[in-house]
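For the record, the sequence lines run as chains A and B.
Under the numbering used here, the residues of the first sequence are numbered 138 to 547, in order.
Under the numbering used here, the residues of the second sequence are numbered 16 to 344, in order.
There's no promise every hint is true.
What the hints assert, rightly or not - Under the rule of at most 20 Å between Cα atoms (straight-line distance), these lysine to any residue pairs were calculated in the SDA-like manner:
1) K113/B x D354/A
2) K337/A x D390/A
3) K111/B x P355/A
4) K347/A x L37/B
5) K113/B x P355/A
Just so you know, the hints here were simulated from the structure itself, not pulled from any lab data.
Everything numeric in this text was worked out from a predicted model, so none of it was measured.
The lines below spell out each chain.
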Amino acid sequence: MKSVVKQEVLALNGDEAVAFAAKQSDVDVVAAYPITPQTIIVERFSEYVANGEVETEFVCTESEHSALTACLAASVTGARTFTASASAGLALMHEMLFVTSGCRAPVVMAIANRALSAPLNIHGDHSDTMTERDSGWIQIYVENAQEAYDSVIQAFRIAENTDVLLPVIVGLDGFTLSHTLENVHVLSDDAVKRFVGTRKFINVTNHEGKTVPFKLDPNNPTSMGPIALPNYYFEFKRQQEEAMKNALKVIQDVNKEYAAISGRSYGDGLVDAYHVEDAEVAIVCLGSTAGTVKAVVDELRAEGVKAGLLRIRTFRPLPVERIVDTLKNVKAVAVMDRSMSFGGNGGPVFHEVRHALYDAEKHPYIVNYIYGLGGRDTSPMQVRKIYEDLQKILRTKRVETRVQHLGLRE
Amino acid sequence: MQTETEWKFTAKDIAEKPDLFLSGHRACAGCGPATVLRLIMKAVRGPTIVTNATGCMEVVSSIYPYTSWAVPWLHTAFENAAANASGIDAALKILKKKRRIKHEHVDIIALAGDGGTYDIGIQALSGAVERGHDFLYVLYDNEAYMNTGIQRSGGTPLGASTTTSPAGTVIPGKLEHKKPIADIMVAHDMPYVATASPYYWRDLLVKVRKGLEVNGPAFLHVFAPCPRGWRSDPAKSIELSRLAVETCIFPLWEAVNGDYQLSTPSKVFALAPQKKKPVKEYLQVQGRFRHLFTPKFEKLTEEIQRVTDERWKRLLKKCGVEQRAKTTA
Ligand SMILES: Cc1ncc(C[n+]2csc(CCOP(=O)(O)OP(=O)(O)O)c2C)c(N)n1
Ligand code: SF4
Numbered sequence: 138m139k140s141v142v143k144q145e146v147l148a149l150n151g152d153e154a155v156a157f158a159a160k161q162s163d164v165d166v167v168a169a170y171p172i173t174p175q176t177i178i179v180e181r182f183s184e185y186v187a188n189g190e191v192e193t194e195f196v197c198t199e200s201e202h203s204a205l206t207a208c209l210a211a212s213v214t215g216a217r218t219f220t221a222s223a224s225a226g227l228a229l230m231h232e233m234l235f236v237t238s239g240c241r242a243p244v245v246m247a248i249a250n251r252a253l254s255a256p257l258n259i260h261g262d263h264s265d266t267m268t269e270r271d272s273g274w275i276q277i278y279v280e281n282a283q284e285a286y287d288s289v290i291q292a293f294r295i296a297e298n299t300d301v302l303l304p305v306i307v308g309l310d311g312f313t314l315s316h317t318l319e320n321v322h323v324l325s326d327d328a329v330k331r332f333v334g335t336r337k338f339i340n341v342t343n344h345e346g347k348t349v350p351f352k353l354d355p356n357n358p359t360s361m362g363p364i365a366l367p368n369y370y371f372e373f374k375r376q377q378e379e380a381m382k383n384a385l386k387v388i389q390d391v392n393k394e395y396a397a398i399s400g401r402s403y404g405d406g407l408v409d410a411y412h413v414e415d416a417e418v419a420i421v422c423l424g425s426t427a428g429t430v431k432a433v434v435d436e437l438r439a440e441g442v443k444a445g446l447l448r449i450r451t452f453r454p455l456p457v458e459r460i461v462d463t464l465k466n467v468k469a470v471a472v473m474d475r476s477m478s479f480g481g482n483g484g485p486v487f488h489e490v491r492h493a494l495y496d497a498e499k500h501p502y503i504v505n506y507i508y509g510l511g512g513r514d515t516s517p518m519q520v521r522k523i524y525e526d527l528q529k530i531l532r533t534k535r536v537e538t539r540v541q542h543l544g545l546r547e
Numbered sequence: 016m017q018t019e020t021e022w023k024f025t026a027k028d029i030a031e032k033p034d035l036f037l038s039g040h041r042a043c044a045g046c047g048p049a050t051v052l053r054l055i056m057k058a059v060r061g062p063t064i065v066t067n068a069t070g071c072m073e074v075v076s077s078i079y080p081y082t083s084w085a086v087p088w089l090h091t092a093f094e095n096a097a098a099n100a101s102g103i104d105a106a107l108k109i110l111k112k113k114r115r116i117k118h119e120h121v122d123i124i125a126l127a128g129d130g131g132t133y134d135i136g137i138q139a140l141s142g143a144v145e146r147g148h149d150f151l152y153v154l155y156d157n158e159a160y161m162n163t164g165i166q167r168s169g170g171t172p173l174g175a176s177t178t179t180s181p182a183g184t185v186i187p188g189k190l191e192h193k194k195p196i197a198d199i200m201v202a203h204d205m206p207y208v209a210t211a212s213p214y215y216w217r218d219l220l221v222k223v224r225k226g227l228e229v230n231g232p233a234f235l236h237v238f239a240p241c242p243r244g245w246r247s248d249p250a251k252s253i254e255l256s257r258l259a260v261e262t263c264i265f266p267l268w269e270a271v272n273g274d275y276q277l278s279t280p281s282k283v284f285a286l287a288p289q290k291k292k293p294v295k296e297y298l299q300v301q302g303r304f305r306h307l308f309t310p311k312f313e314k315l316t317e318e319i320q321r322v323t324d325e326r327w328k329r330l331l332k333k334c335g336v337e338q339r340a341k342t343t344a
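Only chain A is shown next, with the shape it has when bound in the complex (with noise of 0.2 Å):
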């Protein structure tokens, strides 16, 4: 095992350590287009361009689909790219990113979570990423800034993985994490730049039979993004899927390689564990909101309630075997949907979460709670509720409501 290398501590935001880990990742190109709460990342990133610190062809598009397009185009030329953005301006992207996982382009971005129109909301929940949930981008929500500038180191192995190939989405939430100050223990350059390496290409075989590396070059011409009639559609969509299941395993390897240098895990990469081993109750969230779970677990402990919390990490691939057996003794889960499925019966991590244990051995009770929206803040006092109401439900064996509204005034 390597042995830890030495870091610095440095006052940054989630995005500020965005932007740090995006800089010292040897990202050849960058485009982008800003918007709130990602926007800190873009200008911080300039100020590097401006400044000379970074070897980096920076694009300043004149919109987000733009940028997702032309990272997708840089990335299939050889580039190493990286973009960020937020709720409109992800919307604004959607069509492109279907197509950038088609293209099996590793581009990496950075979504700081906010709310959509209408009405306008600047503020965070995952509503944004939600929407793209099967988008075929690998999804990675983190817990607080030092997780964020991880991350974006890590995503670069993952996407550019030959087994995997994929873009991957960073998801931080909007000013929570985005414009809150922590410090953040940061890597040298030097031990970042050998962790991403350089990016290697899988061979294929172009229109004269011959193996050529899967980029646009003009010694080794190939063909990207073209039509597929149902003959063969099918099938470049069945192996977005196996390379969605290689990364479960990616994701893994690349958390415990992170940690021997670093010092830092997220419990295996795919979820992460609070005290959920011996638990009765246990939260199920992604993001921030994990923080103040565990503050509240804390509490409860230490007054001798059982309770747990399980931080889903990777959403895309899901996990479904660790939540299955993370939470296989557990009696009473709460899972927390920071979005709406609109007309569906509770949230997307509630149907996800709730769909995996459906082949588990022993059911726990499962209800939902939507919370957060457009940066509504939650309380530990709403979340020991939680805890309160799944206790309950556990004494009278009996759920009352599967899917309720914290925080809200009805």
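Please arrange chain B with the ligands on chain A, whose structure you already have, making use of the hints.
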């Protein structure tokens, strides 16, 4: 840089130069755009990457697992050919700087139809040009959305019947004039803008080469008849691309750093206006204008003539050419 002799694209040179847009694509017989692509690829000067917007030319040339492209080629979506070019340009620049590619220079050609240029793609195009990316944008203008079945675009001419501007009993096809896209591009203060037509193939090839040699963005507007959408005889596509120039419906010119210059094929009609043909000759051989030759709508051909003359006059003025009186000869 190329020498003067290499600029002279002779018929022999062209015939001997290998095709980079290969045969076997699925375009209709008499497809103007396919001819244009084949010609354009005869004018490239070295390592070249092509990127294509969604549309007929992408669909007919890339049906997996086949391809008509002997150069690296990328399609991503309909509205973003210029954004693709931006990304490729950015990547090539930095990869060269970091010595991860060996090419001294790689040309980038972005291809799109009128739909992908006049309408949905104009934002990405305008942005990429404003940012000064080094690429040649080729608009092959078949004057409608052909890939989705002949719907009107901002490039569809007045009076043309399309499936979304059909000629009915009350409405005579498209009610609006063609958007002057090439002039809009000149207004971007870009280094090179030109129009071309495949009948005048040498003029077209030279313009492609000029566009590639320019440092920064270049825009080439190429006339490209579509027998399917124009309801014209597939054997007449090249003839139509001549008639469009002879009637001055599609004059040939270039603007180098904003300075307009009439190209030789069109100069003929400025110097000898009596040679300029009436637009009716061009309109009557196309089914999309058939209704204009019924008593109810025939006034529209006069309107088309009037606007054609007006735009021609304006162009001559921009080119600093004085039109001689029609009565000479
Ligand atoms: C965002 C989006 N809207 C609509 C379409 C459907 N579409 C595909 S090609 C096309 C028309 C292409 O027309 P044009 O650019 O003129 O090229 P042509 O087919 O005539 O060669 C349309 C509308 C699409 N692919 N993407
Ligand atoms: S529809 Fe028109 S543009 Fe499309 S392939 Fe046929 S002839 Fe060419």
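A quick look at each hint next to the structure:
no. : hint            : in the structure
1   : K113/B x D354/A : 16 Å, holds
2   : K337/A x D390/A : 17 Å, holds
3   : K111/B x P355/A : 13 Å, holds
4   : K347/A x L37/B  : 17 Å, holds
5   : K113/B x P355/A : 18 Å, holds
Every hint from the earlier list agrees with this structure, and none is contradicted.
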